[in-house]
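Peer 1: Take our numbering: the last position of the sequence shown gets the number 766, and nothing is skipped along the way.
Think of the hints as simulated: they come from the structure by calculation, not from any bench.
Note that CB positions come from ideal geometry on N, CA and C, so glycine has one too.
Check before you lean on any hint, since a few could be wrong.
Stated by the list, open to error - The calculated label-pair distances, taken between Cβ atoms and stated as ranges, are:
1) Ala-681 to Tyr-751: 35 to 45 Å
2) Ser-684 to Gln-759: 18 to 28 Å
3) Lys-741 to His-674: 28 to 38 Å
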Amino acid sequence: IDFVHTYIFFSVFKVIYYYCFKKFYRFLVFFLHVIFIRHHRTFPQHHYFEPSGAGESGLRRVLQAFALHNPTVGYCQSLNFLTGMMLIFMQEEDVFWLLITVVERLLPEDYYTKNMVGTYVDQYVLAHIVKQYLPKINR
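Kindly produce the complete structure, drawing on both the sequences and the hints.
Peer 2: This is the structure in structure tokens:
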């Protein structure tokens with residue numbers, strides 16, 4: 628019974644993932660151009676992200692599905708690097724759900740927004756810490 632419930636649980640998530648990707652295709656067009664331009668910059672030296680490879684197309688699909696799932700965030704700068712790193716170690720669908728968890732539950736609400744306030748604050752704090760505690764690296 629546990630195996631059956633687990634299988635049904637993950638099958639439902641699989642259906643939701645592909646539903647997000649297919650249902651809102653017209654909305655997705657808005658993000659296609661930005662994602663298409665940026666995904667080529669994601670780990671260009673890594674063999675997994677070679678042009679027309681599995682990593683490149685998977686990255687594009689996950690970012691598009693996420694943009695449909697969360698239109699408030701849509702696509703923001705650096706989501707491609709976060710997603711790309713996950714794709715190196717995980718399956719595409721698992722990356723989609725982990726990306727949702729990270730962006731919507733683990734990070735502060737304003738971290739990934741159009742103005743990217745959260746990321747700028749993190750960069751400022753990191754720069755200050757490096758300057759104060761690692762002055763040789765700061766130079």
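Peer 1: Each of the hints needs a verdict: does it hold here or not?
Peer 2: These are the hints, each one checked on the structure:
Between Ala-681 and Tyr-751 the beta carbon distance is about 37 Å. The supplied range of 35 to 45 Å therefore holds. At roughly 43 Å, the beta-carbon separation of Ser-684 and Gln-759 lies outside the given 18 to 28 Å, and the hint is violated. About 33 Å separates the C-beta atoms of Lys-741 and His-674, a value consistent with the hinted range of 28 to 38 Å.
Violation of the numbered hints given earlier is confined to hint 2; every other hint is satisfied by the structure.
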